[in-house]
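If you read the protein sequences in the order shown, they are chains F, R, D and A.
In terms of this note's numbering, the first sequence is residues 5 to 495.
In terms of this note's numbering, the second sequence is residues 3 to 668.
In terms of this note's numbering, the third sequence is residues -17 to 192.
In terms of this note's numbering, the fourth sequence is residues 1148 to 1453.
Certain hints may be false.
[As the list claims (entries may be wrong)] Derived list of chain A stretches under chain R, where covered just means 3 residues or more per stretch with a C-beta under 8 Å from a C-beta of chain R:
hint, stretch
1, 1192 to 1203
2, 1275 to 1289
3, 1385 to 1395
Keep in mind the hints are simulated off the structure, nothing from the lab.
No residue lacks a Cβ here, since even glycine has one placed at the ideal position from N, Cα and C.
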Amino acid sequence: MLLALIFIPFLAGVLSLVSRNASLRYFLLGTAAVLHFILTCSFWFFPPAALFNNWLGLDRIGQLILSITSGLFLGAGFYAISYLKNEKHQQIKDFQEDIIFSNVPEAIFICCMLFLLASMTFLALSQHFGLIWVAIELTTLTSAPLIYFHRHHRSLEATWKYLMICSVGIAIALLGNFFLAVAASTGGEKPVSLLAGELVKYANVLNVKWLKAAFIFILVGYGTKMGLAPMHTWLPDAHSEAPSVISSLLSGAMLNCAFLGIFRTFQVCTAAGLGDFAGDLLIALGLVSMLVAAVYIIRQADYKRMLAYSSVEHMGIVAIGLGLGKAAVFGSMLHLVNHSLTKAALFLVAGNILAVYKTKRTNDVQGMFKVIPISAFLWLAGILSITGFPPFGTFISEFTILKAGIEQGRFFVSGAYLVLLVIVFIGFATICIRMTQGSPEQGIEKVALKQRFLSVVPPAIMILLILVLGLFIPSTFRNFLHDICMLVGGN
Amino acid sequence: MFYYSIKIFLVGVFLIFFGGILSLLFWRKQKLSILVGTLGAVSGSILGLIPAIKVLLSGGKESLYIAWSIPFGAFFVEIDAISAFFLLCIFILSIITAIYGSRYLLEYKNKSLAKAIFFFNVLISSMAMVVVSANGMLFLICWEIMSIASFFLVTFEDEHKHVRQAGIVYLIATHIGTAFLLVMFILLGRESNSLDFDKFAAIKLLPSSMASIIFILSLVGFGTKAGLVPFHIWLPEAHPAAPSHVSALMSGVMIKTGIYGIIRVLTFLPNPPLWWGWLLIIVGAVSGVIGVLFALAQHDIKRLLAYHSVENIGIITMGLGLGVVGINSGSQILAILGFGGAILHILNHALFKGLLFLGAGSVVSAAGTREIDELGGLGKNMFVTSVTFLIGAVAICGIPPLNGFISEFLIYTGSFKGLITKQLDLAAVSIIIIGSLALIGGLALACFTKVYGIVFLGEPRSKHAMNVQESSMIMLVPMIILAALCVFIGLFSSITINWLKQCISQIAGIGPDVVSSQILPLSNILIKVSFAAFCLFAAIAILLFIRKKMLSAEKVSIAPTWDCGYAKPDARMQYTASSFAQPLVDTFKMILRTRKITEPIKDLFPVEGQFESSTPEVSRDYLFNPIFRVIYLLLGRLRWLQGGNIQLYILYIALTLIALIIWKLR
Amino acid sequence: MLIEFMMIFLTLVNLIILSTSRLSTCIKVIAFQGIILGVLPVAGGQFDIQLVIFSIIAISVKAILFPSMLLRTLSQLNIHREKKPYVGYGMSLLIGLGAIVLSWWISKNLPLTITPANSAVLPVSIFTAFVGLYLIITRKMALTQVIGYLIFENGIYMFGVILPQKQPLLVELAVLLDAFVAVFVMGITIFHISREFDHIETDQLSTLRS
Amino acid sequence: MDNISIRIIQPILALILSPLLFGIINRTKAFFAGRKGQPLFQTYFDLWKLVHKGVVYSKTTGWIFRAGPIINLSAILLITLFIPLGHSKAVIFFDGDIFLVIYLFALIRFFTIIAALDTGSSFEGMGASREAQFSALTEPALFLALAAIACGTGKLSLSEILVSITSKFWLSHISIILFVAATLIIVLLTENARIPVDDPNTHLELTMIHEVMVLDSSGPDFAFIVFASALKLWVFTALFAGVLIPDIGFGFWPNLGICVLAVLCVSVVVGIIESCIARLKLLFVPHFIFIATVFAVLAMVFVLRK
């Protein structure tokens, strides 16, 4: 089963690479996404058996990440079909500078999307730290060509930075893995293998100092991929230059995958009684991320970059939640889900806005309610949700984290967290809400009317899910999240 | 059967909400969508009134607890006397404004009204839910929904820049307020490890420092919504921007939810220290005086009314402070008078401020401008509007025999009672209350004589005011009802005060029977007041009769106004609002900081001169803007981080690594 | 004995890289490093067949594939020298010397209970990693940065080699493969860069900011 | 002497005697100016004459202008029921009737002002504006003064306060009495539009406050207005006298007589003041009123000192 989960998208990718026929490719993309989703859903009811003596297995956290990824990919996949149909023409006029550029061939694009899905699945399933590393590197490599979809110098620059920075970061993470190996080997009489389960089980015999080193290196390494400041620098560039559907995938799914790597290491640390040590690090980086995000979100001139920075902020929130431990972990996990759904939806809507207004500058976008009412509504809902307004789920998760922080007496952390949240909100409110109001310039209205069905349904569903999560959390899901908290000694 | 009446309430709330949904569905057929929305609002409100009135009169609690799956959350709603009182205000004004709005909205040509109706209904239902929700999570969610709904109503005419600006200011202000509330609820929950209100109330022996922190947080958080100085900056922006019936609802009851929050928190925190009372009274006094002063300096009628909301919130807060002082000093009558005056004033303000905003609305829709100086002489063509507005104006100045006087009368009596105890601290707070109330009264009178005199009397000052005609009956009837209610409470105050017994006793934490025994002499006094009022009416009637007799023989002639010998009297020569207010504005210029642009006329045959004055919000210009400017500056300092240079980026990674190692691995 | 010499060589070539501006030299050095790294596991003396296979693969990738790829890119680009870097070559050399001392000191203080085949391996690996990172940070050419990345990874790889507990072969191979693909993609990107900008100086690649 | 039928004498006296005050004041001024001056009962003649005249209404005005005088007169009539002459109970009294009285004055002010604005004349507007300004400033002073005296006596109703100003109390609280009296006299001058705040019989409209507001009134309406202002003066003087002169304790009638006498004297004093002081520049009037507030606060301080 698990292998099937990995190989479906992989094979589909290969096929779409070789196939000559566009509609066939779309078909492949759609079917792969659907199959993958169905399989993933089935795992909720029939837990699959682990493979290769536990090298591949599906534990709670993996299942969470996997489900998010699969769900988002389903939405993004269908959105991508409508998007690609829009982007058919060979030569495209760039709207920022007067340059003509072409797109990466569709085959490569779809193939890479599917490969990305495969590698993310692989990551979610892999239980061995070596494999995790490999998988994360794979996600980087498969997503790089996607960012370079529009062949012009800005996306090229973004791609280059993405590649370089992430590779360096991941290399550092490799060193962290080696340290982990050292810690595992120098502790007890016989070396412990790098399987997550084993490490957790024998955590008490691990060598503490090396474990600490390992966590720091892995945190910085995977943190780069996850977008924690100040290693986040690739993120806004990549998200703003990639096609919106890709940005939504990167922001909604890939960041979580990097987070998974950190989470597993954190798991080992808590098991070894280093919870506070690791927690402090996570909180520190989390706060820095929120600060940096706040710096760039106020007065941000480009709404896609805005969303990207907000991803940095929310990754910071997730890190803080994990670092605070106990009740906060629940909030953190919930926030992971909420952020993925909201941010993905927002990026997809941003794609619609871009398609109609032909600009990424917030000042040039006005009167969305008159031009693209549905997208405008979704956009507004998304903005409210991403800034933590009830009745959206994000409010609950952020509130939970804040509550835990205050109840643990971490007043400075909680205070900074709250203040930064408010500042970010101010940034969003002053910039993004204005886009929906007012009346548009002439000439835009005509473009408006034809808005593809597929381009609004996925984000709409995601927003709806967030709304549901804000009003009602199924008890099974709640217990599920509680089990995840148990993994890191939460409650 | 036991939960019967709260179920009714919930059904009502649902009806209101459902009406909103329907009106959204029927957005194509404008008339229909307005109809269903209004019907939903009215019928739902009437249903909701039933349990509210029952609880308010008979006391007791109606509660319903349903477990809820979101963390710390529970669907826990409870109507006690306090909630019931606020529900009364909310639903009455909702019915009135909904009916009014159903006609008023038609003024907006070619604009989709369904959105306005929908959010209006959402606003009503969320307000109702806010005052009954007995669980922190539920409260916060309803609270924020209320904010969002009102935000969309404020930005209804979002094609104007200033409206968008107002909306943003409002949203940010209310969100910052909510941030304080989050912390407050979490702290309360920390003490009682639950977010249910009954658990909060069960907290005893709270460390006094913690209690004070919670109180301060609630004062800031709820004060922002209520519009206490200096957190009131959003208010004078938002109210003019919104459609008038929405302003009436917002100013009449929505900002009162902030007061509700403060009261609710006070019931959680037993035996408050004296300085809380001091704080409340000082904040209230400042809000009252500042509010009325700025109101005096405004030229925009709705903005002026908005500032008067600040003033009245100040009066209410002073009443609360007096009550707190009473509780602290163990003098029950003081507590009863303070809290009683406060809540009665809440009701009264809901009535006459609603009335005034509706009146302003009908003026605006008739004349098409909010500039007071452009109007004049509207009283002749708009008789009903002018009379109802006059009643509202007299009431808000606290002049007998109308309701505004009664609530101020209670607060005055309370403070005098505090004064004659000759205890220094009681006397001191009483002096503050008396002095500021007196000043507020005088200034409010100046302000409303200005508004009424300039808008409705004299000659039209511009073509806007030339040939206006009276609004339709659907808009007039609600105003008449409100005016009637004002008169009723003014004349039968002793009855009204007895209705509020339960509520007062619950706020003050005094047994109902004690309260009624304390209220008895008070209501006797109020009966005397009503008697005096009737004497007044009798005297008026008699004098009218006498004058009729006198004039029956003599001739009554009509002539132009005596203009002291000017050749060509002209409407432009009339006193304007700004010239009327100018002496007082100058007297308080060091607070108001009015900006004037003057171009005096020169030499014998002068070319035209000009004079402009504007009074911007001081606390925004001198308090908040600087703060935000500093924050933006500091954050802006960091913008070089994302310099675009990849080598630098990778250096960050290396440095972070080193820093973390040095931090944690030494 | 053998390892001792290897280490000395490695240190020297690292220093050379720091001080040279000639790209081709850098690439040759990469190849040289690759060979050494490939031999290193077996150089300890124990002849385990799995190890041998792996080292062969490693050599073929690190010492042959990478350099050839890079050389091909270089020939396409028709440029030979790194223009002026952020830090001059002499200065870089000094810094390199400092780094050597530092890495020896660090490796002294590391509580490494295991004994590697040779006490020099650890410091040299650290030094190598440092040099790689240093190149990435201070040089402007995209190509040089790729080279830096390779060296960086080599350093880390060396550290992995001295671990007593071998990663399973599969993982090792996967790691290699990843590195390979990474470099491959980077090569492509560099090609595009050169075509887009007709130079590969990444300090020009800074239009996206804030 | 709590029997209502006797207490009713107080308002009746007010009705009868109040127009006399203007006469007295004018005579005093005339005396100081060395003129003969108008007859003492001039005001009565004026009222009589006005009552038998017709009225001229401006075509700008509406019902407000017609209702104003009536409402004002009835309000002031109502007030007289609360004002005790001498140290006995008034016709109506209850705890807190002070507020009712003060706010009834506010009612009068309100309708005077809007009636003035109803004519649309710039002069009457100007008068209205000044009236609004000054009365807004006097209100705190009056309130604080009454609060002080209430605090001293420990009573909340006007009648009881005055009743409890016995000679004993008077001696023990002389400082308070004086401060309150000082406040009251200033308030009296301001509220009744006397010099130095306003000059009732100048005819330079620009300097007038109260007179200019009634420029357009005529006939019975004007009669009502004049009568109302006479009553207002009476009420304030009675209050002033009641506070200043203690209960000598010979029962109701002597007190009444003394009080009436005192009222007349006060009007003489007002006349003297008017003839000694020049009219203040309008900009200084707020300062003048502020002095009253200062006195009131001082009184308060002295009360709480005990």
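**Request:** List in ascending order the numbers of the hints, as given earlier, that are violated by the structure.
**Result:** Of the numbered hints, just 3 does not hold.
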